[in-house]
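**Student:** Sequence:
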Amino acid sequence: MDFLRPASWREALEAKATHPDATPIAGGTDVMVEINFDHRRPTTLLDLTGIDELASWSEHDGRLRIGAGLPYTRLINELGERLPGLAIASRTVGSPQIRNRGTLGGNLGSASPAGDGHPPLLASDAEIEVESVRGTRMLPATEFFTGVKRNALAEDELIAAVHIAPATGAQQFSKVGTRNAMVIAVCTFAVALHPEQRRVGTGLGSAAPTPRRALAAEEFIAGELDGLWESPRPLADSVLERFGKLVADASSPIDDVRGTADYRRHALSVMARRTLQWVWKDHCSGRQECA
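Here the sequence shown is numbered in the working numbering, starting from 621 and rising by one per residue.
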């Protein structure tokens with residue numbers, strides 16, 4: 621196995637162009653596990669840990685640019701108030717040691733349907749910045765995932781950053797696992813209110829071949845909330861039930877060692893109802909109509 625350690629982002633892009641089969645490694649929390657269990661044997665590893673610019677974030681034109689190498693711990697501590705949904709999801713990743721090493725870029729690179737960071741990115745209309753020596757392009761999160769552990773990267777491209785707008789409304793994330801921590805998700809769900817757009821964003825994880833949005837559920841709840849954004853009132857149980865059912869209907873889960881397809885659908889409907897109720901309660905907070 622060859623090991624490449626570029627000293628700059630430009631060197632990394634050139635190395636990837638020269639060695640398109642190279643597997644990028646940042647935190648190594650996914651790649652090293654696969655190597656240790658002999659599930660994967662890359663011909664070349666491309667170490668990105670020495671590239672400081674990947675482990676930084678900035679703000680441009682009202683959107684946050686999160687470097688692909690920014691560890692979860694820093695994301696939580698430095699951006700948690702501005703990206704609450706993504707921060708909640710990041711807190712469910714592994715252990716403190718894994719969160720100190722693991723990165724959002726690595727999560728995207730693995731493209732697992734169970735990646736905890738993916739549903740909040742979908743719910744918040746994030747874009748993925750990918751780059752090669754040929755140039756840079758932006759991919760909507762909805763177009764990034766192409767199959768089980770497959771993404772839309774060309775063979776010479778690397779993930780540079782995630783672009784996402786700070787939250788303008790309440791956000792939530794919920795995860796079901798076989799235990800409370802250090803576990804791959806049975807299923808996950810993220811929801812984000814976008815008051816300025818009068819809509820609700822959603823994201824499902826570990827419930828289909830790729831992370832996905834529940835578009836019918838988004839359309840339904842947008843109609844139900846029409847006229848309520850400025851004068852909110854509690855949502856009827858029937859609205860919450862319907863939203864949950866539409867979220868479950870958007871999934872296409874499988875039976876596996878972590879859970880059955882039927883259980884995943886049921887869990888998604890429950891998580892969708894609860895998280896929608898939580899974010900709407902936050903939106904209503906302090907208003908007489910919601911008392």
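If you are wondering where the hints come from, they were derived from the structure by calculation, not from laboratory data.
By construction, the Cβ of each residue, glycine as well, lies at the ideal position given by its N, Cα and C atoms.
Mixed in with the good hints, there may be bad ones.
Dumping the calculated DMTMM-like pairs for lysine to aspartate or glutamate here, alpha-carbon to alpha-carbon at most 20 Å [claimed, not checked]:
| hint | residue 1 | residue 2 |
| --- | --- | --- |
| 1 | 865 | 844 |
| 2 | 865 | 882 |
| 3 | 901 | 876 |
| 4 | 769 | 672 |
| 5 | 769 | 876 |
Across the chosen pairs, the derived CB separations fall in these ranges [to be verified]:
| hint | residue 1 | residue 2 | range |
| --- | --- | --- | --- |
| 6 | 803 | 661 | 36 to 46 Å |
| 7 | 760 | 679 | 16 to 26 Å |
| 8 | 652 | 876 | 20 to 30 Å |
| 9 | 898 | 681 | 28 to 38 Å |
| 10 | 622 | 848 | 52 to 62 Å |
| 11 | 861 | 755 | 39 to 49 Å |
| 12 | 848 | 775 | 32 to 42 Å |
| 13 | 877 | 678 | 37 to 47 Å |
| 14 | 858 | 669 | 43 to 53 Å |
| 15 | 681 | 660 | 17 to 27 Å |
| 16 | 634 | 851 | 18 to 28 Å |
| 17 | 656 | 851 | 51 to 61 Å |
| 18 | 628 | 683 | 16 to 26 Å |
| 19 | 682 | 882 | 34 to 44 Å |
**Student:** It remains to establish, for every hint, whether it holds in the given structure.
**Tutor:** We went through each hint and held it up to the structure:
| no. | hint | result |
| --- | --- | --- |
| 1 | 865 / 844 | holds (15 Å) |
| 2 | 865 / 882 | holds (13 Å) |
| 3 | 901 / 876 | violated (35 Å) |
| 4 | 769 / 672 | violated (27 Å) |
| 5 | 769 / 876 | holds (16 Å) |
| 6 | 803 / 661: 36 to 46 Å | violated (26 Å) |
| 7 | 760 / 679: 16 to 26 Å | holds (20 Å) |
| 8 | 652 / 876: 20 to 30 Å | holds (23 Å) |
| 9 | 898 / 681: 28 to 38 Å | holds (30 Å) |
| 10 | 622 / 848: 52 to 62 Å | holds (58 Å) |
| 11 | 861 / 755: 39 to 49 Å | holds (48 Å) |
| 12 | 848 / 775: 32 to 42 Å | violated (48 Å) |
| 13 | 877 / 678: 37 to 47 Å | holds (41 Å) |
| 14 | 858 / 669: 43 to 53 Å | holds (51 Å) |
| 15 | 681 / 660: 17 to 27 Å | violated (39 Å) |
| 16 | 634 / 851: 18 to 28 Å | violated (57 Å) |
| 17 | 656 / 851: 51 to 61 Å | holds (56 Å) |
| 18 | 628 / 683: 16 to 26 Å | holds (25 Å) |
| 19 | 682 / 882: 34 to 44 Å | holds (43 Å) |
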